[in-house]
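Turn these sequences into a full structure, and let the hints guide you.
As you go down the protein sequences, you meet chains A and B in turn. Here the first sequence stands for residues 1 to 153, where the numbers follow this note's numbering. Here the second sequence stands for residues 154 to 738, where the numbers follow this note's numbering.
It should be emphasised that the hints constitute simulated quantities derived from the structure, not laboratory data. Bear in mind that the values here come from a model prediction, so they are computed numbers and not experimental data. Heads up, a few of these hints could be off.
The calculated lysine-lysine pairs, modelled on DSS-like cross-linking and capped at a C-alpha distance of 27 Å, are [as the list claims (entries may be wrong)]:
1. 423/B - 506/B
2. 423/B - 65/A
3. 431/B - 506/B
4. 378/B - 358/B
5. 431/B - 378/B
6. 123/A - 696/B
7. 433/B - 378/B
8. 696/B - 542/B
9. 136/A - 36/A
10. 358/B - 123/A
11. 501/B - 431/B
12. 423/B - 433/B
13. 358/B - 65/A
14. 367/B - 65/A
15. 65/A - 378/B
16. 720/B - 625/B
17. 290/B - 347/B
18. 625/B - 123/A
19. 358/B - 341/B
20. 727/B - 625/B
21. 378/B - 367/B
22. 112/A - 358/B
23. 112/A - 423/B
24. 433/B - 501/B
25. 290/B - 378/B
26. 123/A - 36/A
27. 264/B - 720/B
28. 378/B - 347/B
29. 65/A - 431/B
Computed footprint of chain B on chain A, listed as stretches where at least three residues anywhere in the stretch have a Cβ under 8 Å from a Cβ of chain B [stated by the list, open to error]:
30. 60 to 67
31. 139 to 147
Yeah, the Cβ is synthetic: ideal placement off N, Cα and C, and Gly gets one too.
Chain residues, written in single-letter form:
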Amino acid sequence: MGISRRDFCKTLAGSAASLAVLAVIPGRALASWSEKAFMADKLDDAIAAKYGGLPIEDSSAIEIKAPEIAENGAFVPVTVSTTIPGVTSISIFVPVNFSPLVTSIDVLPRMKPDVSMRIRMAKTSNMVVIVKAGNKLYRTVREVKVTIGGCGG
Amino acid sequence: MQLSRREFLRILGMAGAAGMLPGFTSAASRQGSDIYQLERFGDVRLMHLTDTHAQLMPIYYREPSVNLGLGTAAGRPPHLVTRSFLDYYHITQGSSLAYAFTPVNFIDLAKKYGRLGGYAHIKTLADRLRGEFGSEKTLLLDSGDTWQGSGTAFWSRGSDMVEICNLLGVDVMTGHWEFTYLEAEIRKNLAAFKGDFVAQNVKVKEDALFNGAKAYDEQSGHVFKPYVIRTLGSHRVAVIGQAFPYTPIANPARFIPDWTFGINSADLQKLVDTIRSKEKPDAVVLISHNGMDVDIKLAGQVSGIDVIFGGHTHDAVPQPFEVRNPGGRTLVTNAGSNGKFLGVIDLKFSGGKVSGYRYHLLPVFSEELPAHPEMQALIDRIRAPYLSKLQEPLATAGSLLYRRGNFDGPFDQLICDALRQRNDAQIALSPGFRWGTTILPGQQITMEQVLEQTCMTYPETYVRDMTGQQIKAVLEDVADNLFNPDPFYQQGGDMVRVGGMNYRIDPGASMGNRIDEMRLDNGTLIDASRSYRVAGWATVGSKSPGEPVWDTVAAYLRDRKQVEIRKLNMPLLKNVSANQGMDLS
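Okay, structure coming up:
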């Protein structure tokens with residue numbers, strides 16, 4: 001039996017609403033330790049504030065699914081997944097944004113390291129994804145172009 | 154001058170004897186035989202048509218003399234023009250093939266060899282190629298840009314072309330300009346279309362799906378079937394669709410607000426793998442509206458596709474470009490535009506795999522292929538209600554008028570001149586489309602020909618004040634869409650055309666650093682902070698307030714008896730003088 005995508009989304013929307021209420025409470029408590037990273041206005045500062053001085057290694061085991069050219073810069077869909085074992089954190093940075101750290105997700109042991117969201121991009125930029133596993137950081141970079149309208153044909 | 158049939162064939166034969174394209178050798182090297190007689194080869198025959206832009210009647214279309222390729226694309230197909238092209242494919246100058254594939258001696262050769270294309274002539278050729286091979290073993294594929302580009306396609310919202318495709322016998326197609334009608338109109342056209350319409354890279358946006366938008370598959374979100382399996386005799390061929398990935402960026406998203414596009418190469422690889430393991434076809438092919446450079450890159454990344462039948466960039470490429478990838482080899486083709494060519498590949502199978510092929514990109518010489526009576530009757534019926542409007546003479550061409558080229562064409566100059574004059578503007582901007590036919594000197598310019606250059610669903614004009622900085626931003630943005638070193642970041646199309654100003658461009662420079670030396674026609678440097686009155690058309694973001702651009706151009710032409718374009722606002726080019734994709738002679 002296949003539940004239709006729409007019904008599935010509706011069910012999810014219901015549970016997400018109740019989840020959202022719960023999420024507010026720890027959010028307040030956690031704000032103190034993430035604030036510096038989210039407020040940093042430079043990529044390196046944001047990474048340092050979030051992860052300290054851990055070594056960073058470029059990795060091909062992180063897949064970023066995002067458009068090469070955004071249909072709408074205010075609303076860029078991105079999916080990040082990785083096959084790196086023991087992932088505890090995934091963060092997405094957009095260096096040209098006023099605050100480069102867009103999102104940071106704690107990955108719990110039973111969670112699949114596969115996250116989707118929509119992010120805002122001020123203009124054409126790299127999207128930098130940092131994944132933490134053990135005491136190491138892994139990085140993948142992907143350019144997303146934001147255009148002012150084209151003349152294709 | 155008209156050639157007798159024998160004279161025509163003799164010239165073709167000579168070209169063949171002088172060393173022809175590999176694919177043509179077998180047919181054309183036989184003195185006096187015709188190029189449409191193909192050697193018997195293989196198990197299935199796949200025919201390919203693309204980017205006809207609804208040109209029902211035979212047309213003139215001058216191939217570009219400027220089609221730059223940079224980086225890895227420099228000096229390789231499709232970025233070869235004029236003599237570089239003729240040398241690469243061993244085509245004799247002055248031959249009918251030289252006329253079909255290049256702009257060398259265009260005016261003389263156009264008078265000699267006549268118009269190409271026209272659906273009645275395409276039908277005659279396609280029927281013959283089906284009949285000779287065995288129609289149960291052939292397919293006709295269409296890579297899109299078929300349902301837009303003429304007055305009749307516009308007035309019928311694409312539905313005249315659906316009738317044409319049905320009579321021609323298009324088996325499978327994908328799209329781009331097909332999506333510039335409203336979703337309800339597109340769905341009506343698709344319901345009337347007798348073939349399969351496929352696209353793996355068009356999805357319903359998740360929020361739209363949530364609100365009940367229609368999808369082919371609610372689980373995957375696909376708007377259309379991603380692929381179809383066709384049985385040809387004892388063999389099976391999978392045909393996957395790849396629509397133009399940047400439709401809602403290059404064209405108005407407001408017509409299709411619920412749909413999202415993209416190249417989606419990872420999805421494509423998964424789909425190919427699934428088809429290969431579950432359906433076990435003899436061949437997997439992709440009909441693509443990516444454009445040739447994107448297809449070449451994609452073929453290097455995705456394994457398991459035997460042939461990509463490409464369009465969008467309007468490149469008439471006589472032989473497939475072979476790309477190696479981890480899974481083997483993919484052939485990348487592109488079949489020109491405006492109905493000038495019909496691509497034909499014959500595939501041979503052994504052990505459930507493609508073991509050999511023959512490819513031909515056949516020019517459709519309308520004077521050599523009689524019109525198919527039933528197709529001609531349908532075309533006449535479609536045109537009849539509009540005939541007096543279409544045939545209205547507006548002016549005479551005093552010089553050759555065409556569009557195609559990376560930076561400018563005389564017909565775009567004419568559009569820019571008309572926009573400036575009618576709107577009292579200092580500067581005009583006109584999109585760098587690759588469709589639009591060619592008018593020979595001395596020919597009458599009719600309303601139909603103006604529509605062939607301008608007819609689309611967002612033709613409204615505008616006049617507005619723009620600062621020098623804003624104008625530069627537009628030029629830089631479009632230049633990056635054309636010259637970004639990574640083809641996945643290109644949108645196809647050509648550089649936006651300018652009227653009333655000139656500039657210099659270094660195509661190989663980085664984004665934001667290609668354009669400088671922007672000056673008005675009188676030589677004054679354009680000031681970044683000053684405002685200029687700019688006219689234009691075809692706004693993608695929102696509907697402009699002005700009249701359709703064809704009214705602007707028609708009014709401008711009616712005021713003149715003869716139109717001669719002698720001066721183009723062609724930019725100065727920097728660091729590309731040795732490029733084989735450019736011939737300014």
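Right, here's what the structure says about each hint:
1. Taking the CA atoms of residue 423/B and residue 506/B, the gap is about 19 Å. The hint holds against a cut of 27 Å.
2. The suggested pairing of residue 423/B with residue 65/A holds, with an alpha-carbon distance near 14 Å, which does not exceed 27 Å.
3. Proposed proximity of residue 431/B and residue 506/B is supported: the alpha carbons are some 15 Å apart, at most 27 Å.
4. Of the supplied pair hints, the one linking residue 378/B and residue 358/B holds, its CA atoms being roughly 16 Å apart against a limit of 27 Å.
5. At roughly 16 Å between alpha-carbon atoms, residue 431/B and residue 378/B fall within 27 Å of each other, so this suggested pair holds.
6. The suggested pairing of residue 123/A with residue 696/B holds, with an alpha-carbon distance near 24 Å, which does not exceed 27 Å.
7. Restraint check for residue 433/B and residue 378/B: the C-alpha separation of about 18 Å stays at or below 27 Å, so the hint holds.
8. Distance hint between residue 696/B and residue 542/B is fulfilled; the C-alpha atoms sit about 25 Å from each other, no more than 27 Å.
9. Between the alpha carbons of residue 136/A and residue 36/A the distance comes to roughly 21 Å, so the proposed pair stays at or under 27 Å and holds.
10. Restraint check: the Cα-Cα separation between residue 358/B and residue 123/A comes to about 22 Å, which is no more than 27 Å; the hinted pair holds.
11. The suggested pairing of residue 501/B with residue 431/B holds, with an alpha-carbon distance near 22 Å, which does not exceed 27 Å.
12. Distance hint between residue 423/B and residue 433/B is fulfilled; the C-alpha atoms sit about 15 Å from each other, no more than 27 Å.
13. For the hint linking residue 358/B to residue 65/A, the alpha-carbon distance of about 15 Å falls within 27 Å, and the restraint holds.
14. Simply put, residue 367/B and residue 65/A have alpha-carbon atoms about 24 Å apart, close enough for the 27 Å limit, and the pair holds.
15. Proposed proximity of residue 65/A and residue 378/B is supported: the alpha carbons are some 22 Å apart, at most 27 Å.
16. Distance check on the hinted pair: residue 720/B and residue 625/B sit about 22 Å apart at the alpha-carbon level, within 27 Å; holds.
17. Pair hint residue 290/B plus residue 347/B holds up; C-alpha atoms about 18 Å apart against a cutoff of 27 Å.
18. For the hint linking residue 625/B to residue 123/A, the alpha-carbon distance of about 16 Å falls within 27 Å, and the restraint holds.
19. Distance hint between residue 358/B and residue 341/B is fulfilled; the C-alpha atoms sit about 21 Å from each other, no more than 27 Å.
20. At most 27 Å may separate the alpha-carbon atoms for a hinted pair to count; residue 727/B and residue 625/B meet this at roughly 17 Å.
21. Of the supplied pair hints, the one linking residue 378/B and residue 367/B holds, its CA atoms being roughly 13 Å apart against a limit of 27 Å.
22. A distance of roughly 24 Å separates the Cα atoms of residue 112/A and residue 358/B; the hinted pair therefore holds under the 27 Å criterion.
23. A distance of roughly 20 Å separates the Cα atoms of residue 112/A and residue 423/B; the hinted pair therefore holds under the 27 Å criterion.
24. As the CA atoms of residue 433/B and residue 501/B are separated by approximately 16 Å, the hinted pair is consistent with the 27 Å bound.
25. Between residue 290/B and residue 378/B the alpha-carbon distance is near 22 Å, which keeps this suggested pair within the 27 Å criterion.
26. With a C-alpha separation of about 24 Å, the suggested pair residue 123/A and residue 36/A falls inside the 27 Å cut-off, and the hint holds.
27. Only pairs whose Cα atoms come within 27 Å are accepted, and residue 264/B paired with residue 720/B is accepted, the gap being roughly 24 Å.
28. Only pairs whose Cα atoms come within 27 Å are accepted, and residue 378/B paired with residue 347/B is accepted, the gap being roughly 14 Å.
29. With a C-alpha separation of about 25 Å, the suggested pair residue 65/A and residue 431/B falls inside the 27 Å cut-off, and the hint holds.
30. Interface restraint, the segment 60 to 67 of chain A with chain B: holds (3 residues with C-beta to C-beta distance below 8 Å; minimum three).
31. Coverage of the segment 139 to 147 of chain A by chain B holds [criterion: at least 3 residues with CB-CB distance below 8 Å; count 3].
The structure agrees with every numbered hint stated previously.
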